Amino acid sequence: MIKLEKRPQPSRLWTYLAPLLAVVLTMIVGGILFSILGANPVEAIRTIFWDPLFNPQFAGYSRPQLLVKAGPLILIAIGLSIGFRAGIWNIGAEGQYIMGAICGAAAGLALYPSESVLIFPLMIVAGALGGWAWAMIPAVLKTRFGTNEILVSLMLVYVAENILASVSSGLLRNPDGMGFPGSRNFKQWEAGHNAELIANTGMHWGVVFAFIAVIGAYVMLTRHITGFHIRLTGEAPKAARFAGVNPARIVFLCLGLAGALAGLAGLFEVSGPAGQITIDFNSGYGFTAIIVAFLGRLHPVGILLAGLLMALTYIGGELAQLMLGVPGASIQLFQGMLLFFLLGVDVFTNYRIRIGTREVA
Amino acid sequence: MDLGAINPILLIASIMVSATPILLAAIGEMVVEKSGVLNLGVEGMMITGAVVAFAVAVNTGSPLLGFAAGAVGAAALSLSFGILTQLLMSNQVATGLGLTLVGLGLSSLIGKPYEGVKAPSLPRLDIPVLSDLPVVGRMLFSHDIMVYLSLLLVVAVWAFLKFTRAGLILRAVGESHDSAHALGYKVVRVRLLAILFGGACAGLGGAYLSLVRVPQWTEGITAGAGWIALAIVVFASWRAGRVAVGAYLFGGITVLQLNLQAAGAQVPVALLSASPYVITILVLVIISARGMHGAPASLGRSFHASN
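First to last, the protein sequences are chains A and B.
Numbering that gives the first Met the number 0 puts the first residue of the first sequence at 0, with every later residue one more than the last.
Numbering that gives the first Met the number 0 puts the first residue of the second sequence at 0, with every later residue one more than the last.
Next comes chain A alone, as it looks inside the complex:
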């Protein structure tokens, strides 16, 4: 008989091994999925994970895309992971991302066509504030009324999408756009453009901020009392209260930080790779970032690696769509499966398997 036995301490080995095993399992099951869809499984997996980086035919285009896609994912996931550590489930990052983009873009476009160097910094601040303010709604409701932040933050995603639809064909519509929906293109306005910093690397300001966020989160979680309070609140809420940690402060901090980072990600995306506010410029990064946060074990360095891996599946997925005719939705399923396998394999971190009946001591 197979039994699970709780480990006295989470296994360190399995903490590192679980994500790797989950990736391998996803590749195997993903391969089966691709072969059902009529593609050669080995070729499909190679196209997703290997070709974007090393195939000379595609690498020139794909490699820079890695940072472009990983930047927002890491930025959002870092913010989410801090909340998840404290047991605060903000799953509305997509909405905060949209609101950050709208506020940042609006702040910049209000000053069009000024060429001042202060425009872009102003947009960054406005983007962070937009995301922060959107995340403050669930924070205030949770601390003031005890409302569930999961449902509120998620509902606000749909509200944000409606606002996006409204402003992209109304308030922020390009006045020179001949009536087409969508704002002015930031790529054609130097003062507001989040341009590539080093040519052909995909490095833009959003990626710089993502790296800063990784370092900042690492220092806060491991070296600073606030990080300790956050972890304590998540692991032992009662102990945290006895230790004098103010739970409301933690809620505001975690949601605010996650909102601001998601807002930043939105602003950098809209002023750079996306170029303009359109009704569907958001591509679900806010939800994929949840997978990134868990795959990275809610640890800043892990999230950095997980963000790069997830970016690779986006790029490789597009490539597989193009080269092998694999449907785009299968990549979404692939990413979801990754989270599922990780959660399943994770049982070995906290439990060990015992075969046969245990003798009574």
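The hints are simulated quantities; they were obtained by calculation from the structure and are not laboratory data.
No experiment lies behind these values; they were computed from the predicted model shown.
Even for Gly, the Cβ is constructed at its ideal location relative to N, Cα and C.
Incorrect hints may have been included.
Below, in silico cross-link-like pairs of lysine-lysine (DSS-like), each with a Cα-Cα straight-line distance of 25 angstroms or less [said to hold, decoys possible]:
1) B:LYS185 - A:LYS2
2) B:LYS185 - B:LYS161
3) A:LYS5 - A:LYS237
4) A:LYS5 - B:LYS185
A short list of chain A residues far from chain B (calculated; beta carbon distances all over 10 angstroms) [to be verified]:
5) SER115
6) LEU121
7) GLY215
8) THR277
9) PHE333
With chain A held as given, fit chain B onto it using these hints.
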């Protein structure tokens, strides 16, 4: 704006149609939560049910077979959540989110060939005498069988939880899984069954969306209906009757805002379209301000029988 264009009889009738998918999903989720499991994957199960039901209904020409397939498909998907959370003790919040992501991906994968296809329609159920009543007949008794089935299901769940021994065990497991285990009840088995039931109900709800309410397959067809079902369970304080009230209130808001849009109300469209979500938030705030009455005590906690 022309309020006269809104026909009250049709309004009530369409409220019943628009409330049914959420009602089905919410009553299933309520049973799941009563057993102490928080399954946040309702949205994913609903959309999977929607696409499976649509595909089967189109291929067989029978909407009823479609409904059955939708329920089975979503229940099968919910089993993955059950295995992860009950047997492998994974975090319920994270797994539920994962279930939604998997369901969304899976559904758009299955649904691609069915975009723009028309589904066979579910016939109206004519009830002798009642359907022929003036006004009331058109309003309440001219629907398809699923509308009545969903209401019957609410009554059945209420009776099951209140009067049967199995219902009592389910509630005991949800209130205190350790005590239930000590009494010899199979906590994991009870919860797995509840999860399957919740999955099947969410699948029926999704099937109603794609086969009756819309009736078409489009990507992201649920548009948050699963999350609203979750909110309605909280709103209902985990009581079957109030789940029905919540679902109908919500259906009312959705239909009313659509009617207002059609009547050309002087309110921005974005505000009207967002109103169901905003009102859900407001309702959640009002409910939570009064305190969380009736939440099962073991809700969301993993159970592991350590010897």
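Does the structure keep B:LYS185 and A:LYS2 at a Cα separation of 25 angstroms or less?
-> holds, 16 angstroms
So is A:LEU121 really clear of chain B, every C-beta pair being over 10 angstroms apart?
-> Holds, because the least Cβ-Cβ distance between A:LEU121 and chain B comes to about 26 angstroms, which exceeds 10 angstroms.
Non-interface claim for A:GLY215 versus chain B (Cβ beyond 10 angstroms) = Holds: least Cβ distance 24 angstroms, greater than 10 angstroms.
Holds or violated: A:LYS5 with A:LYS237, Cα cutoff 25 angstroms?
-> holds, 22 angstroms
Just checking, A:PHE333 versus chain B, shortest CB gap more than 10 angstroms?
-> Since the minimum Cβ distance to chain B is about 7 angstroms, A:PHE333 lies within 10 angstroms and the statement is violated.
Is the Cα-Cα distance between B:LYS185 and B:LYS161 25 angstroms or less?
-> holds, 20 angstroms
Could you grab the alpha-carbon distance between A:LYS5 and B:LYS185 and see if it respects the 25 angstroms cut-off?
-> Holds, at roughly 19 angstroms.
Quick one: work out the minimum CB distance from A:SER115 to chain B and report holds if it exceeds 10 angstroms, violated otherwise.
-> Check passes; 32 angstroms lies beyond 10 angstroms.
Check the non-interface label on A:THR277: least C-beta distance to chain B beyond 10 angstroms or not.
-> holds, 15 angstroms
Going through the hint list in order, the structure does not satisfy hint 9, though it satisfies all others.
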